[in-house]
Each structure stands twice: as C-alpha cells, then as structure tokens.
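FYI, the numbering for the sequence shown is 2 to 407, going by the working numbering.
It is worth saying that the hints were derived from the structure and are not from the lab. A couple of the hints might just be wrong.
Unchecked claim - Result set (DSS-like, lysine-lysine): computed pairs, CA atoms no more than 27 angstroms apart in a straight line:
(1) 288 - 246
(2) 124 - 211
(3) 214 - 124
Claimed, not checked - Using C-beta positions, here's what the derived DEER-type ranges look like:
(4) 317 - 124: 40 to 46 angstroms
(5) 132 - 351: 36 to 42 angstroms
(6) 121 - 351: 26 to 32 angstroms
(7) 100 - 212: 49 to 55 angstroms
(8) 252 - 80: 55 to 61 angstroms
(9) 352 - 216: 40 to 46 angstroms
(10) 344 - 377: 17 to 23 angstroms
(11) 90 - 177: 41 to 47 angstroms
Even for Gly, the Cβ is constructed at its ideal location relative to N, Cα and C.
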Amino acid sequence: MERTVIIGAGQAGGRAAVALRANGYGGEIILVGQEARAPYERPPLSKEVLLGAAQAGAALVNPESVYHENSIELRLDMPVRWINSATRELTFMDGDRLGFQRLILATGARARRLEWPGSEAAKPYYLRTCDDAEVLRRTLSGRQGDIAIIGGGFIGLEVAASARQLGWTVTVIELGQQCLERVLPSASARVLVDLHERHGTRFRWGASVKETKETNSRIRLLLNDDESLNVDVVVVGIGSEPNMKLAEAAGLECGNGILVDDQCRTSVSDIYAIGDAAIAPNRWFGKPARLESWENAERQAEQVARVICGLPTTNDAPPWFWTDQFDRNVQIVGVPTDEDQMTVEPGKTPDQYVHLYSRGDVITGAVLFNSGRRRRALSRQMSEMRDAAAAPCSPAESVDSMEINA
2 MERTVIIGAG QAGGRAAVAL RANGYGGEII LVGQEARAPY ERPPLSKEVL LGAAQAGAAL
62 VNPESVYHEN SIELRLDMPV RWINSATREL TFMDGDRLGF QRLILATGAR ARRLEWPGSE
122 AAKPYYLRTC DDAEVLRRTL SGRQGDIAII GGGFIGLEVA ASARQLGWTV TVIELGQQCL
182 ERVLPSASAR VLVDLHERHG TRFRWGASVK ETKETNSRIR LLLNDDESLN VDVVVVGIGS
242 EPNMKLAEAA GLECGNGILV DDQCRTSVSD IYAIGDAAIA PNRWFGKPAR LESWENAERQ
302 AEQVARVICG LPTTNDAPPW FWTDQFDRNV QIVGVPTDED QMTVEPGKTP DQYVHLYSRG
362 DVITGAVLFN SGRRRRALSR QMSEMRDAAA APCSPAESVD SMEINA
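Kindly generate the complete structure, drawing on both the sequences and the hints.
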C-alpha cells in the first residue's frame with residue numbers, strides 16, 4: 002500500500018492529512034509532528050490566549066477523533082533528523098526510520114531571533130508556539146508594568162494590543178518609519194497606529210536596541226539614539242524564518258523557503274511543500290512568494306491533496322490576511338501598495354469602512370476595517386479583473402515573505 006508521510010503537524014499538515022482522505026486517497030497517511038500537541042491554529046495565540054480568553058492549543062485544526070475516523074496515524078513529539086530523498090526514507094531523532102512513497106513538507110517557520118549586546122540579560126520573549134503563548138500569558142496576567150515590543154509587524158501590534166488591555170504600559174520599538182511596511186500601504190497602516198496611540202501605546206520610530214543592562218530587577222534598553230527605556234518585559238516580534246534545513250539537506254531547491262511549482266511540487270519528484278515553509282508562484286505578486294497566513298495554509302493543504310489524488314486544482318484567489326486589535330478587525334485582500342490609487346468607501350458606522358486600492362480600472366487590493374462581510378465579493382471582483390494569462394513566475398526571483406499570524 003502506498004504511504005504518504007506529512008512532516009509538520011500544524012495548520013497546513015493537519016488540513017492536508019484530512020483533505021487527502023476527503024479527496025479519495027486510499028493509502029496510508031502518517032502525520033509527523035515535532036510538538037507533543039495535535040495540530041492547532043496559531044492566530045489565537047497573540048490575541049485570545051494572551052488575554053486569557055482561550056487556552057493555548059484549544060483551537061484545534063481538526064477534532065482529534067477525526068484522525069482516527071480517517072485512519073490517519075499521528076506521530077507527535079517525533080522530530081525528524083533527516084530525509085533520504087533517494088531511498089525514500091526519513092530518520093527520527095531517536096533513530097527510528099520510516100519509509101514513504103510520497104512526502105509532504107509542512108515544516109512551517111520559526112520566530113526570527115534577535116541578538117544585541119546584553120540581550121541575554123533582557124530575557125526576551127518570542128511568540129510562535131502554544132508553549133511560547135502560555136509562558137508570556139502567565140507573565141502578563143500575573144502583574145502589570147512596562148513592556149517593550151521590538152518590531153512593529155502584526156505579531157508585535159497584536160501583542161501590544163493584548164498587553165494594553167491587560168493594563169501594561171507599552172512601547173513599540175520599530176526600526177522603520179512606520180509599522181507594517183511590507184504588508185500595508187502607509188495610509189492603512191496609519192489607521193492602526195492611530196488606534197494604538199488612542200489606547201496609550203507609544204512608538205519609537207527608526208529605533209533599535211543597542212545595549213541592555215539589568216538594574217534592580219528591571220531591564221534598561223539603550224537605543225540607537227542613546228536614549229534608554231526601563232522596562233520589565235521585552236518581546237521580540239521581527240518576523241520568522243522558514244524551517245527548511247531538512248529540505249536543504251535532502252537536496253531540494255530552496256531560496257527564502259522551499260521552492261515549489263504551482264502544484265506544490267518541489268524539485269524532487271513525489272515530494273511536496275506547503276504552508277509557511279513553501280515559496281510558490283503567485284500571480285498577485287508577479288513572482289514567487291512565501292505567504293504566512295491561516296488562509297494560505299488552508300488553500301495549499303487542499304491543493305496538494307488534490308494533486309496527489311490526481312484531481313484538477315488551482316490556487317489563484319487573491320491573498321487574504323486578517324488581524325484583530327482592540328475593537329478593530331482588519332482584513333487585507335490582494336496586494337495593495339502605496340503606488341496604487343486609494344479611495345475610502347464608508348460603511349454603515351464610522352468604524353466600518355474600506356480602503357480600496359486600484360491601478361487604472363483594476364482593483365489591486367483592499368483593506369477592510371470592521372467590514373469583513375465585503376471580503377468575498379471584493380475577492381471575486383478582483384479575480385475577475387485580473388488578467389488570467391499573466392506571465393508565469395520565475396523561481397529565481399521572489400518577494401520577501403508576507404509574515405502574518407492571521
């Protein structure tokens with residue numbers, strides 16, 4: 002009997018396992034995970050979990066019974082040491098081996114680390130896993146004080162919003178001159194900055210940490226402008242890096258991720274890659290992109306299952322991300338940029354509106370503020386406008402990853 006092994010028991014891996022069965026796959030399915038937990042969703046970690054409104058890992062990708070019902074074997078807490086792509090065999094850290102006919106790499110990404118003189122004394126927190134979220138939640142819920150968040154991306158801002166709601170004094174240290182520079186046009190990003198400032202978050206623009214000193218159980222951060230901040234907690238949220246060491250060692254082509262074609266196939270036959278670790282052709286960017294989002298993991302999981310089952314598949318819908326901060330739900334559709342023409346479409350209430358971005362007569366993207374019900378219609382409209390015969394992407398050039406927790 003043919004066997005498909007999935008390395009990575011996260012959103013993409015968990016969905017792919019069940020999608021294989023749903024699309025008629027009759028072989029063995031073994032889902033291998035490095036963490037001891039069944040596949041869970043990550044978006045709540047920086048929001049509901051930090052606020053104490055949900056338990057880490059409670060938002061399962063699938064109920065655990067689903068794996069048993071679909072004859073999917075879970076091998077959790079089983080990190081893989083290497084993959085032999087020639088013999089079609091992988092080796093676990095404990096020395097056990099497992100053969101396969103097809104392999105799906107859903108190895109995800111890890112939080113990018115930041116080091117500076119004295120960074121060990123700062124004992125910075127990172128947020129990527131359930132365990133990370135539980136540790137940070139206990140710290141934030143047990144007391145109040147001053148917190149510095151290094152990085153003004155979505156993870157940084159979501160942690161900032163949660164910390165402010167828990168009564169912490171928050172300072173965001175951002176190297177750029179605005180937040181979310183790689184994800185949102187400046188006008189839309191400014192809306193979120195204004196929201197945070199109204200709730201008391203402080204921003205330090207063009208700033209980085211030069212040195213850390215520990216004084217009287219507090220942490221003193223010396224910034225690049227020689228000013229200093231005295232805080233109790235430091236969180237680093239500066240993006241992520243794809244987990245592709247296994248793929249590289251197995252001889253797969255990699256760049257800023259594991260390179261795949263538009264069918265999730267890697268450079269080695271019968272080995273596929275999906276989710277946060279994969280960099281795939283993307284007609285909305287005009288070149289390959291590594292998209293880190295809940296929605297991309299869902300799409301690629303379904304796509305790779307259909308490919309393995311020999312069924313037709315496409316993945317052409319515009320990218321979609323979302324974030325929840327304070328009382329604001331923000332959804333991003335497509336690829337809006339500062340080069341596009343922006344118009345504001347009001348909604349029924351003052352806090353409901355859409356930033357619509359266009360180039361000529363073509364809508365390139367939209368940012369929806371508390372207007373999620375409009376997302377599907379806008380997505381369809383954008384797809385209809387986009388030239389379906391756009392030039393194919395070259396794997397040699399790619400955009401930086403879109404690193405969003407949503």
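Consistency of the hints with the structure:
1. At roughly 23 angstroms between alpha-carbon atoms, residue 288 and residue 246 fall within 27 angstroms of each other, so this suggested pair holds.
2. Straight-line distance between C-alpha atoms of residue 124 and residue 211 comes to about 15 angstroms, which keeps the hinted pair within the 27 angstroms bound.
3. A C-alpha spacing of about 11 angstroms is found between residue 214 and residue 124, which places the hinted pair at or below 27 angstroms, so the restraint holds.
4. Between residue 317 and residue 124 the CB atoms are about 45 angstroms apart, so this pair conforms to the stated range of 40 to 46 angstroms.
5. At about 40 angstroms, the beta-carbon gap between residue 132 and residue 351 stays in the expected band of 36 to 42 angstroms.
6. Evaluation of the 26 to 32 angstroms hint for residue 121 and residue 351 yields a failure: the beta carbon distance comes to about 47 angstroms.
7. Between residue 100 and residue 212 the C-beta distance comes to about 52 angstroms, which sits within the given range of 49 to 55 angstroms.
8. With their beta carbons about 20 angstroms apart, residue 252 and residue 80 fall outside the hinted range of 55 to 61 angstroms.
9. Take residue 352 and residue 216: their Cβ atoms lie about 42 angstroms apart, and the range 40 to 46 angstroms holds.
10. The supplied range of 17 to 23 angstroms is met by residue 344 and residue 377, whose beta-carbon atoms lie about 20 angstroms from each other.
11. Checked against the hint of 41 to 47 angstroms, the C-beta distance between residue 90 and residue 177 comes to roughly 45 angstroms, which is consistent with it.
In this structure, the earlier hints numbered 6, 8 are contradicted, and the remaining ones agree with it.
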